[in-house]
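**Q** Chains as they are written, first to last, in numbering that gives the first Met the number 0: chain A, 0 to 235; chain B, 0 to 299; chain C, 0 to 251.
Don't take every hint at face value.
Examples of chain A residues lying across from chain B (beta carbon under 7 Å, computed) [stated by the list, open to error]:
id : residue
1  : H2
2  : L31
3  : L132
4  : L134
Label-pair distances were calculated between CB atoms; the ranges are [as the list claims (entries may be wrong)]:
id : chain 1 : residue 1 : chain 2 : residue 2 : range
5  : A       : S226      : B       : L168      : 37 to 45 Å
6  : C       : Y17       : A       : R173      : 38 to 46 Å
7  : B       : L168      : C       : T172      : 50 to 58 Å
8  : A       : L74       : C       : Q129      : 43 to 51 Å
9  : C       : P7        : B       : K194      : 51 to 59 Å
10 : C       : P36       : A       : E148      : 41 to 49 Å
11 : C       : K217      : B       : L195      : 27 to 35 Å
12 : C       : L126      : A       : L63       : 38 to 46 Å
13 : B       : L34       : A       : G88       : 48 to 56 Å
14 : A       : Q151      : B       : A176      : 23 to 31 Å
15 : A       : R17       : C       : Q91       : 34 to 42 Å
16 : B       : L195      : A       : G127      : 35 to 43 Å
17 : C       : E5        : B       : L195      : 49 to 57 Å
18 : C       : T172      : A       : G219      : 44 to 52 Å
Derived by calculation from the structure, the hints in this document are not laboratory data.
Ideal Cβ positions, reconstructed from N, Cα and C, are used throughout, including at glycine.
Each chain, letter by letter, is given below.
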Amino acid sequence: MHHVLLDRWSQGTSPLHRRDARAKILALLVFLVVLATTPATAVAVLATYAALLAAAILIARLPLGGVVTRAMVVLPFSLTFALIAWLAGEPLRALALVEKSYLSTVAVLLLAGATPLSLLLGGLERLGSPRLLVLVAQFLYRYLFVLSEQAQHMRLAASCRDSGAGHRRGSRFRAATGALAVLFARSYERAEGIHRAMLARGFSGRFSLLHAPRFGARDGAFLLLVSAFLILVRLG
Amino acid sequence: MHIPDNFLSPPVWATLDVIAIPAVGLMVRQAGRQLDDTRIPLLGVMGAFVFAAQMINFPVGIGTSGHLVGGALLAYTLGPAPAVLVMTVIVAIQAFVFQDGGVLALGANVFNMAVVGVLAGYWPYHVWGASWRRSAMFAGAFLSVMVSGSLALGELLMSGVAMPRAMVLVSLALFAASAAIEGAITICVIQAIAKLDAGFVPQPRASNRRTLAILGGAAIALGAVGFLVASAAPDGIQRLGIQLGLTARTVLHAPLADYTMGSLVESAWVRRATAGLTGLLLIYAVCATTARWLVRRRSA
Amino acid sequence: MTPVTEVPPPLIEVRDLYFQYEDGAQALEGVNFTLYPGETVALLGANGSGKTTFVLQLNGVLRGQGSITVCGLPLNKETLPLIRSKIGMVFQDSDEQLFMPTVLDDVAFGPLNQGMPEEEAIAKAKLALQQAGLAEVWNKAPYHLSAGEKRRVALAGVLAMEPEILVLDEPTTFLDPPAERNLLHLLADLPQAKLIVTHNVRLAASLASRAVFFEKGKLVAAGSVDEIARRFDWTYVDLPPADLRYSAHRRF
Numbered sequence: 000m001h002h003v004l005l006d007r008w009s010q011g012t013s014p015l016h017r018r019d020a021r022a023k024i025l026a027l028l029v030f031l032v033v034l035a036t037t038p039a040t041a042v043a044v045l046a047t048y049a050a051l052l053a054a055a056i057l058i059a060r061l062p063l064g065g066v067v068t069r070a071m072v073v074l075p076f077s078l079t080f081a082l083i084a085w086l087a088g089e090p091l092r093a094l095a096l097v098e099k100s101y102l103s104t105v106a107v108l109l110l111a112g113a114t115p116l117s118l119l120l121g122g123l124e125r126l127g128s129p130r131l132l133v134l135v136a137q138f139l140y141r142y143l144f145v146l147s148e149q150a151q152h153m154r155l156a157a158s159c160r161d162s163g164a165g166h167r168r169g170s171r172f173r174a175a176t177g178a179l180a181v182l183f184a185r186s187y188e189r190a191e192g193i194h195r196a197m198l199a200r201g202f203s204g205r206f207s208l209l210h211a212p213r214f215g216a217r218d219g220a221f222l223l224l225v226s227a228f229l230i231l232v233r234l235g
Numbered sequence: 000m001h002i003p004d005n006f007l008s009p010p011v012w013a014t015l016d017v018i019a020i021p022a023v024g025l026m027v028r029q030a031g032r033q034l035d036d037t038r039i040p041l042l043g044v045m046g047a048f049v050f051a052a053q054m055i056n057f058p059v060g061i062g063t064s065g066h067l068v069g070g071a072l073l074a075y076t077l078g079p080a081p082a083v084l085v086m087t088v089i090v091a092i093q094a095f096v097f098q099d100g101g102v103l104a105l106g107a108n109v110f111n112m113a114v115v116g117v118l119a120g121y122w123p124y125h126v127w128g129a130s131w132r133r134s135a136m137f138a139g140a141f142l143s144v145m146v147s148g149s150l151a152l153g154e155l156l157m158s159g160v161a162m163p164r165a166m167v168l169v170s171l172a173l174f175a176a177s178a179a180i181e182g183a184i185t186i187c188v189i190q191a192i193a194k195l196d197a198g199f200v201p202q203p204r205a206s207n208r209r210t211l212a213i214l215g216g217a218a219i220a221l222g223a224v225g226f227l228v229a230s231a232a233p234d235g236i237q238r239l240g241i242q243l244g245l246t247a248r249t250v251l252h253a254p255l256a257d258y259t260m261g262s263l264v265e266s267a268w269v270r271r272a273t274a275g276l277t278g279l280l281l282i283y284a285v286c287a288t289t290a291r292w293l294v295r296r297r298s299a
Numbered sequence: 000m001t002p003v004t005e006v007p008p009p010l011i012e013v014r015d016l017y018f019q020y021e022d023g024a025q026a027l028e029g030v031n032f033t034l035y036p037g038e039t040v041a042l043l044g045a046n047g048s049g050k051t052t053f054v055l056q057l058n059g060v061l062r063g064q065g066s067i068t069v070c071g072l073p074l075n076k077e078t079l080p081l082i083r084s085k086i087g088m089v090f091q092d093s094d095e096q097l098f099m100p101t102v103l104d105d106v107a108f109g110p111l112n113q114g115m116p117e118e119e120a121i122a123k124a125k126l127a128l129q130q131a132g133l134a135e136v137w138n139k140a141p142y143h144l145s146a147g148e149k150r151r152v153a154l155a156g157v158l159a160m161e162p163e164i165l166v167l168d169e170p171t172t173f174l175d176p177p178a179e180r181n182l183l184h185l186l187a188d189l190p191q192a193k194l195i196v197t198h199n200v201r202l203a204a205s206l207a208s209r210a211v212f213f214e215k216g217k218l219v220a221a222g223s224v225d226e227i228a229r230r231f232d233w234t235y236v237d238l239p240p241a242d243l244r245y246s247a248h249r250r251f
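Just chain A, same shape as in the assembly (with noise of 0.2 Å):
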């Protein structure tokens, strides 16, 4: 599951996986900007770009055919609108298209697969997110493999269970029907287990976080740096 995948690559010890979250967020919002505002027919900026982009993958020691092909979820849909574009007689939209949303995606997966996701909500909620969607982040992240897991088994002993043949459609669906309500039963069960882990643990109605490493130098540099050369390489 691709979830899991991440989570891995997320783990590392890179240069850029030890970056500070904000820095690599700012970051990662520079870029974008900058890239929705670059036309399509500035193909070496956007090389450029592309370059900065498989540099960053070798400098966080993620796997480069790994990035590029899961960054591939993205073409189905731009490609079916760049034919449209083309057809339509505007080749320069149609390129735009594909060659930005691939990049951006690129660039979203190079941020998710340097930064575990906790660091990464708590870089989020310093930079401002309200305390409770990065709470509520923290826990639906927490229980995403768990509940993913459960409902694949259920997936799995469902196919087994399913001879194939002679099948009235209407079973099926009451089948996956009975498991999401068993899932939803089991997680509302799950939550009530957490809440007496909580209140066994002393908790007193509010979540105090530890606080993240600072923001230092380093970061400081990496994001001037970037921002920096993605501006120039742009207005260049």
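We have chain A already, so just place chains B and C on it with the hints.
**A** Coordinates of chains B and C only, in the frame set by chain A:
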């Protein structure tokens, strides 16, 4: 529908990013007023449930199967404000972890699916769910998918993405089909859940406030405007987009180009963009007011 | 003349505990129980007999009727935070207990709730992880741990609060033999008084000085683990070893 980056024009995605912030902020504050940190694990686990639920296939035809999107279901089981919160988190995680939907386009996707989608989904349940639960839930689930899809389509058209009329109609038909599937799955699953424990699906409080019904209806109508208008004149929307300056055929990089030509403030782009902004702000205002009404009634 | 031995004051004293579920089912009926310092007591009984419900009463997660005194403190709203520091509970489902993003976050959760400043909480957490033999996993997400490691991290999370009493609900579920052995040794070395809910009679016999037996919400017997096991036929399979059976069949 999750819109990737570089599909929407800068004025459109920027506006929606700006709109989404107070919209979500309002819901977060409302949800936070109702519950202290104690309910956070439940919301998180329910969010994970929605992800996991999307892995389970519901066969609906020859070789086709659908899956639950979940906005309406969350609203019926958790309440509208918490549901908006959870859906926002879900859309954000889909963008960052699964690269499903862009990061600059996050405002648009959150607005479409987590804010308007969820609230539109809850509205029928709030208005007539106490008496005719099944139809209210079907309508709500249908609306949540239809409205978010139509909004996305409208935003794409406004950004100048080329879409021949036939394609728009086919997309809308596909949205309607998914919406119907969502409706069917939602009522079946809610029924099964309620059988396990009736407490899982709290009753809506009966509404006899005419104003609320009108406001809610207006929100739905606005969301559905994309459906009607787009189906009638996709080219028209594109032309409108160009006139409003939200679309740039050749000047895709409008902001920076203007900067190199002169002062940013005096550029034509800024003047024209405000016109488009007003339209979207109107939609936002209605939704926000509806949201405030809904949530205040719930916490009363 | 025999000297009168001084009985130390009990750590836990439960008198006349009654508890009903929301649907009216009687979960606990007139339970009386005492735990003395340094003891390890095994709670045995069928599934659904009330063992888990009982232990959840001790730290106020569930509230019934009757009197519960922990370390001399009567259980009520004011004393709850203090009592929850004195009783450390390891739940049956480690995934529900380790709810924070990383191991360190989770083990520091308890000390932070006790009002400790961040540095002290982290120090206590690292010490507790060391005690549990898992100092090196402090930065891992719980998802990446094995069942045995999760169980020990949960225990560390509890030890970091420096409790006087440990309560463990089915601690050996899902553990393979090496993990079970590991946990047993760890528990045997801990000085706290322990209450262990378990089906594992082997575990009970090796750790517990006495046992109590629950039946349908009532505490019906107390004694040594062996006595209880014999009296209630609380043993596992009594089939002969597989080889014998196979060779018996082969004759025909």
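**Q** Starting from the hint 38 to 46 Å, judge whether the C-beta atoms of C:L126 and A:L63 obey it.
**A** At 42 Å between Cβs, range holds.
**Q** Next item in the hint list is A:L132. Is there a CB on chain B closer than 7 Å to its CB?
**A** Given a least distance of 6 Å, the restraint on A:L132 holds.
**Q** Measuring from the C-beta of A:L134 to each C-beta in chain B, is the shortest one below 7 Å?
**A** holds, 5 Å
**Q** Looking only at beta-carbon atoms, does the pair A:L74, C:Q129 fall within the given range of 43 to 51 Å?
**A** For A:L74 and C:Q129 the Cβ distance comes to about 50 Å; the hint holds.
**Q** Take the C-beta atom of B:L195 and the C-beta atom of A:G127, compute their distance, and say whether it sits inside 35 to 43 Å.
**A** holds, 40 Å
**Q** Confirm or reject the claim that A:R17 and C:Q91 have a C-beta distance inside 34 to 42 Å.
**A** holds, 38 Å
**Q** Could you tell me whether the CB distance from C:K217 to B:L195 stays inside 27 to 35 Å?
**A** holds, 29 Å
**Q** Quick one: are C:P7 and B:K194 within 51 to 59 Å, going by C-beta?
**A** Roughly 53 Å apart at Cβ, these two residues keep to the hinted range, so it holds.
**Q** Holds or violated: the 49 to 57 Å window for the beta-carbon distance between C:E5 and B:L195?
**A** Given range 49 to 57 Å: holds, Cβ gap about 54 Å.
**Q** Against chain B, run the beta carbon of A:H2 and see if the smallest gap drops under 7 Å.
**A** holds, 5 Å
**Q** A range of 44 to 52 Å was offered for this pair. Does it hold for the Cβ distance of C:T172 and A:G219?
**A** holds, 49 Å
**Q** Regarding the hint that A:L31 lies at the interface with chain B, is the smallest CB-CB distance below 7 Å?
**A** Status holds, d = 5 Å.
The structure agrees with every numbered hint stated previously.
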